[in-house]
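Trainee: The chain contents come next:
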Amino acid sequence: MKILVINAGSSSLKYQLYDMTDESVLAKGLVERIGMDSSIVTHKPAGRADVTEVSEILEHTTAIRKVLGLLTSPEHGVIGSIDEIEAVGHRVVHGGEYFGESAIVDSDVKSKIRQLFDLAPLHNPASMMGIKAAEANMPNIPQVVVFDTAFHQSMPEHAYLYAIPRVLYKKHKVRRYGAHGTSHDYVSQAAADYLGRPIEDLKIITCHIGNGASLTAVKNGRSVDTSMGMTPLEGLMMGTRSGDLDPAIVPFVMNKEELTVNEVNSMLNKHSGLLAISGISSDMREITEGMQNGDANSKLAFDMYEYRLRKYIGSYAAVMNGVDTIVFTAGVGENSVVLREKVCENLTYLGVELDKELNGIRSGEPRRISSANSKVEVLVIPTNEELVIARDTNRLVQGLKS
Amino acid sequence: MYFKKIGVIGGGTMGQGIAEMLATRGLDVLLVEKTPEKLDYSYSMIELSLDKQLEKWAITQAEKKLILGRIHKVVHLAELGTCDMVIETISEDLDAKRVVFSQLDQVCPSHIILASNTSSLSLTELASSTMYPERVIGMHFIHPVSKVDLVEIIRGLKTSDTTFTETKRFVEEVVHKKGIMVYESPGFVSSRMICLMINEALHILQEGVASPEDIDDAMRIGYQFQYGPLEMADRFGLDSVLAALERMFREFGELKYRPSIVLKKMVRAGHLGVKTGEGFFKYDKDGDRV
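Taken in sequence, the protein lines are chains A and B. Reading the first sequence from the start, the letters are residues 1 to 402 in our numbering. Reading the second sequence from the start, the letters are residues 403 to 692 in our numbering.
Some hints could be false.
[Claimed, not checked] As a list, the in silico DSSO-like pairs of lysine-lysine whose alpha-carbon atoms are at most 27 Å apart:
no.	chain 1	residue 1	chain 2	residue 2
1	A	K203	A	K375
2	A	K256	B	K466
3	B	K458	B	K687
4	B	K467	A	K14
5	B	K407	B	K466
6	B	K436	B	K475
7	B	K407	A	K132
8	A	K256	B	K687
9	B	K475	B	K440
10	B	K440	B	K658
11	A	K342	A	K311
12	B	K458	A	K256
13	A	K256	B	K549
14	B	K687	B	K549
15	B	K475	B	K579
16	B	K687	A	K171
17	B	K406	A	K14
18	B	K466	A	K14
19	B	K666	B	K687
20	B	K580	A	K171
21	B	K458	A	K299
22	A	K256	B	K677
23	B	K549	B	K579
24	B	K406	A	K132
Source of the hints: derived by calculation from the structure; they are not laboratory data. Computed from a predicted structure; not experimentally measured.
Working from the sequences, and respecting the hints, build out all of it.
Mentor: Rendered as structure tokens:
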């Protein structure tokens with residue numbers, strides 16, 4: 001079965017075409033600047049040269065038509081006809097309380113995604129455009145939606161509620177939803193597979209640290225707590241997001257600086273984090289470089305980032321009454337040797353012992369970076385959210401057939 | 403109708419504000435001024451406004467670049483032929499506006515909506531200078547455009563239902579502001595009410611009932627206005643307030659619209675408010691009260 005995986009943003013669309021017989025990627029690519037007269041499509045067929053095309057793509061339906069054209073084109077294509085695509089899987093950011101797992105798209109599912117526009121005003125409408133565009137181009141092909149929040153729906157009430165008047169939860173569904181669920185799900189399972197132990201016996205802390213960053217406490221294979229909250233602003237310090245702060249700072253600053261709601265939102269989401277403290281960059285690579293060149297602000301940014309990450313690991317060890325595996329994943333988690341080293345250096349009280357040599361190795365494979373004596377397994381596992389979407393889509397569509 | 407490219411004629415305060423707001427919403431803007439120098443000035447003012455927003459963390463450097471990239475400078479109306487809508491924002495001079503509309507009539511396909519940002523002139527009269535008066539409508543934005551989420555949509559006598567509903571859709575779904583429907587009448591709703599309040603504040607001042615600060619505090623704190631009436635007048639420009647009052651006085655003929663003597667004196671003295679640094683209060687270069 002061949003499955004097209006789509007991740008639609010408001011002005012971009014990423015895609016991957018999977019052959020599920022061996023889970024190989026036949027082609028992948030990206031459409032950027034949708035809505036403008038010079039949209040860019042970058043198409044990467046496996047084992048062949050990349051193709052870049054610039055043309056006018058005003059909306060998502062045209063974008064998907066363009067992608068299907070490239071996938072079936074004689075020069076750059078990887079399949080003979082569109083009919084070979086048997087299912088489409090979509091990434092959707094917010095599934096609210098409706099979706100604890102992936103679902104086959106029908107009118108009910110669509111109406112629920114629409115009801116969640118309020119909670120994810122930037123992301124869910126874009127996902128919806130992707131779904132509609134796929135429907136328009138491939139009307140009779142089953143579609144599946146995979147939610148970023150679904151994995152965290154297993155959190156207990158005491159973890160997902162905020163200690164504020166409960167009427168706000170009842171009226172507006174104010175609660176913790178978390179994010180990166182697909183990634184936390186994938187790397188925790190991959191960790192269990194790597195260790196050859198049943199996930200039901202493990203207490204895992206997964207650290208998804210990319211541009212956005214979140215931690216999850218995975219106990220017996222289920223998310224029991226996660227650091228992102230109702231929105232992706234809570235939790236760790238990130239590239240441009242503040243992460244945790246005293247909520248009273250918000251009205252205080254709004255008053256002092258005469259800021260509007262939009263301005264303060266933008267400040268916390270786009271002008272904070274590593275960027276605000278370093279004054280240089282939101283990118284961990286540049287921060288590390290700055291630190292190594294003796295820049296005091298970069299060092300402070302790094303120290304705060306590492307400190308906050310370590311605090312969360314400690315608190316999730318408390319959440320699960322122990323931890324036996326720590327997993328690092330995503331851009332920074334997979335690549336920052338120095339961040340992993342600094343974090344692990346101060347986790348000896350948990351029994352963590354890092355093997356510096358193993359930690360220094362760069363690789364795209366799942367690997368152990370803790371020593372043989374370490375009481376806690378520390379792993380680096382490259383995440384693969386698209387594969388999870390393809391697998392879920394495959395599973396649900398197979399179920400549909402039988 | 404698909405709204406992607408919008409023409410904005412006039413690069414004054416309102417033209418700048420509208421162009422910037424549209425570009426922020428992701429639309430392409432063709433900004434028209436009479437000369438390249440005037441265009442450059444308007445463009446630099448938009449840049450300044452974006453810099454101020456950057457300072458307040460409202461946007462990022464990258465967003466500023468994107469927004470400016472969507473604003474294109476144009477000196478000939480003839481280049482507006484590809485626009486999906488045109489908004490005219492030149493000074494409140496009926497004859498000048500009529501010239502612009504009759505030119506647009508030649509340039510833009512007959513289904514393209516031609517809107518005027520006039521705050522007091524007759525839409526019906528403006529439309530009469532075109533061959534397709536049914537596509538002419540009023541779209542009155544309020545300064546500062548990026549912050550005030552209200553647009554008065556004014557129907558002239560011949561404005562068609564389609565023109566109105568499409569304009570309303572544009573205002574509410576594309577630029578995300580509230581659009582209210584107003585029939586043609588001097589000052590519509592917003593200018594008529596606010597100018598009367600300002601004029602009354604001036605009478606109170608003139609009679610020595612209260613100081614400028616106290617008059618403003620009364621309305622600002624007592625009735626939750628963001629600015630009191632006198633500071634509001636300073637921000638609109640005292641010359642604009644005077645012109646609006648005079649027009650309404652002429653049209654309605656009622657004494658309550660007669661502009662206060664204080665206002666006339668201030669304008670004659672060249673104290674026009676924020677733009678000259680002095681009105682009822684004093685302001686710095688950034689328009690903040692000193």
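Trainee: If you check each hint against the structure, which ones fail?
Mentor: The structure conflicts with hints 10, 16, although it agrees with all the remaining ones.
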